[in-house]
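Enquirer: Top to bottom, those sequences are chains A and B.
If you read the first sequence in numbering that gives the first Met the number 0, its first letter stands for residue 0, the second for the next number, and so on.
If you read the second sequence in numbering that gives the first Met the number 0, its first letter stands for residue 0, the second for the next number, and so on.
What the hints contain is simulated information worked out from the structure, not anything from laboratory work.
These numbers come from a predicted model, not from an experiment.
Take these hints with a grain of salt, some might be off.
Computed footprint of chain B on chain A; a stretch qualifies when at least three of its residues, placed anywhere within it, have a C-beta under 8 angstroms from a C-beta of chain B [what the hints assert, rightly or not]:
#, region
1, 9 to 17
2, 44 to 50
3, 76 to 90
4, 101 to 110
Where a beta carbon is used, it is the ideal one built from N, C-alpha and C, also for glycine.
As a plain string of letters, each chain reads:
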Amino acid sequence: MPYNEKILDHYEHPRNVGTLDRAAPNVGTGIVGAPECGDVMKLQIMVDEQDRIVDAKFKTFGCGSAIASSSLATEWVKGRSLDEALEISNEDIVRELALPPVKIHCSVLAEDAIRAAIADLKAKRAARRAEAAAAAPAPQPSST
Amino acid sequence: MKVYLDYNATTPVDPAVLEAMLPYFRERFGNAASRSHAFGWEAEAAVKRAREQVAELIHAQPEDILFTSGATEGNNLALKGAAAMYAEQGKHIITQVTEHKAVLDPCKYLEQKGYRVTFLPVDSTGRIDLAQLAEAIKPDTILVSIMHGNNEIGTLQPIADIGRLCKERGVLFHTDCCQTFGKVPIDVQALGIDLLTCSGHKIYGPKGVGAVYVRRTRPRVRLEPLLHGGGHERGMRSGTLNVPGIVGLGAAAEIAGRQMATEGPRVAALRDRLRDGLLAQLDHVTVNGHATERIPTNLNVSFAFVEGESLMMGMDDIAVSSGSACTSASLEPSYVLRALGVSDDLAHSSIRFSLGRFTTEAEIDYTIERVVAAVRRLREMSPLYEMVQEGVDLKAVQWQPH
Chain A
0 MPYNEKILDH
10 YEHPRNVGTL
20 DRAAPNVGTG
30 IVGAPECGDV
40 MKLQIMVDEQ
50 DRIVDAKFKT
60 FGCGSAIASS
70 SLATEWVKGR
80 SLDEALEISN
90 EDIVRELALP
100 PVKIHCSVLA
110 EDAIRAAIAD
120 LKAKRAARRA
130 EAAAAAPAPQ
140 PSST
Chain B
0 MKVYLDYNAT
10 TPVDPAVLEA
20 MLPYFRERFG
30 NAASRSHAFG
40 WEAEAAVKRA
50 REQVAELIHA
60 QPEDILFTSG
70 ATEGNNLALK
80 GAAAMYAEQG
90 KHIITQVTEH
100 KAVLDPCKYL
110 EQKGYRVTFL
120 PVDSTGRIDL
130 AQLAEAIKPD
140 TILVSIMHGN
150 NEIGTLQPIA
160 DIGRLCKERG
170 VLFHTDCCQT
180 FGKVPIDVQA
190 LGIDLLTCSG
200 HKIYGPKGVG
210 AVYVRRTRPR
220 VRLEPLLHGG
230 GHERGMRSGT
240 LNVPGIVGLG
250 AAAEIAGRQM
260 ATEGPRVAAL
270 RDRLRDGLLA
280 QLDHVTVNGH
290 ATERIPTNLN
300 VSFAFVEGES
310 LMMGMDDIAV
320 SSGSACTSAS
330 LEPSYVLRAL
340 GVSDDLAHSS
350 IRFSLGRFTT
360 EAEIDYTIER
370 VVAAVRRLRE
380 MSPLYEMVQE
390 GVDLKAVQWQ
400 PH
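Using the sequences and the accompanying hints, generate a full structural model.
Expert: Structure (structure tokens):
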């Protein structure tokens with residue numbers, strides 16, 4: 000089927016292809032999809048001290064619409080807080096890229112990838128807090 | 000440069016074929032069934048000539064050839080026509096899983112009508128197992144339908160052995176030869192073929208015309224018609240003959256026959272050049288189908304970690320097709336590749352290149368360059384390729400199918 004301009008533009012000039020350091024404490028990584036389904040998206044976000052997304056990268060195995068959806072998602076999350084990023088819905092992506100019905104799953108996958116990246120970041124933090132709590136000396140009972 | 004490498008889908012009409020057809024749209028427009036005047040006789044003579052041209056290509060008699068609207072009709076006629084005609088002898092049909100839908104769907108239709116159909120599996124190269132076929136033939140088996148060359152992966156079935164087996168067991172043998180007619184030698188006598196389907200537009204003839212070979216002696220095969228009417232084509236296919244189309248099919252068959260001995264090796268060499276060029280420059284590339292038993296025009300390749308539709312977007316001046324779900328209406332990857340045991344991810348990554356009469360070495364070299372560049376670019380963008388580079392075993396990853 001012929002592709003529209005926006006999809007072609009993201010396909011020809013994908014924004015933010017690449018990889019962030021997965022182990023960094025301020026990086027969240029979401030990998031969604033499955034090779035046997037024909038699409039896998041990896042979306043990564045990096046946040047600053049205020050939890051604002053300062054960088055995002057993606058890599059996608061999938062059709063042109065999947066590549067475009069994930070490229071657009073990285074563009075849109077940059078500069079947002081985590082809560083604002085969670086407001087991005089697949090319907091916004093469908094509208095922006097004018098995805099046909101058979102490609103709607105690509106937008107769903109992109110939304111899932113954002114959510115997975117944020118969840119990963121939060122899980123990492125929770126784990127670190129738990130570790131810190133375990134390592135810290137037990138609070139001294141008050142003597143008064 | 001724009002390169003057409005989808006000749007297994009369709010071919011352009013050869014200029015000589017078009018020239019042969021044109022008078023039959025204009026001054027020689029007669030109905031081949033008009034027996035009372037010269038217009039009809041002229042048309043009838045042209046059809047007779049085309050029948051001879053088609054027959055000669057498969058070593059048949061001209062009277063064995065029926066003209067149809069194409070291979071879908073031909074396959075339907077052979078399968079449903081034989082099933083209806085021989086229902087009293089039995090209601091069992093044998094075919095195999097990588098047949099074209101124009102064979103599989105009539106078989107499924109016959110299943111609904113009370114016939115029993117055995118769909119034989121294929122091995123990893125796409126070939127059926129003769130012992131399995133022999134075992135599948137039962138006393139109530141009336142027909143075996145196994146294609147000659149597969150349209151997606153190019154694999155040739157061992158039709159000489161199948162024909163021999165069918166003869167021994169007294170079962171009719173139909174073969175869909177759309178991809179081999181005019182490209183590979185076919186001898187219906189030597190191969191023991193009772194019914195054969197072919198099409199015009201795969202051999203530089205027009206669309207909308209095809210033929211069925213129906214054996215008339217040892218045994219005399221009869222088919223219940225799909226279309227009832229004026230009793231054309233020995234009563235098996237009524238309808239005013241498509242004279243220009245039939246003339247085109249005949250002319251195309253004659254040219255294909257004349258060129259086969261030189262054209263086959265020429266195209267096969269270009270196909271091998273394409274394969275070798277791709278394999279030399281890219282890793283994680285697999286050729287699907289049989290290494291040697293394949294039609295000369297076809298190369299089916301999986302480029303791991305790259306999805307087929309996005310690959311085609313990346314080389315949009317090269318016309319090819321893909322087994323990826325994204326290119327099919329069903330959203331399922333190629334059933335043919337699946338039948339070979341190719342994993343779904345590699346089916347999504349498959350591209351069919353099919354070459355033809357007008358393919359040049361320059362086109363092949365350009366294609367190699369374009370494919371290699373597109374695959375490399377998309378792999379840079381592929382999380383799977385990155386994971387494999389990092390040593391991750393993709394099979395061990397917990398994916399989330401959606």
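Enquirer: Now, for every hint given, state plainly whether the structure supports it.
Expert: Evaluated hints:
1. Check on the region 9 to 17 of chain A: 3 of its residues sit with their Cβ under 8 angstroms from a Cβ of chain B, so the three-residue criterion for coverage holds.
2. Given as covered by chain B, the region 44 to 50 of chain A fails the check, having 0 residues with a CB less than 8 angstroms from a CB of that chain where 3 are the minimum.
3. With 0 residues having a beta carbon nearer than 8 angstroms to a beta carbon of chain B, the region 76 to 90 of chain A misses the requirement of three or more and the stated coverage is violated.
4. Here's how the region 101 to 110 of chain A fares: 4 of its residues keep a CB closer than 8 angstroms to some CB of chain B, so the rule of at least three is met and the hint holds.
In this structure, the earlier hints numbered 2 and 3 are contradicted, and the remaining ones agree with it.
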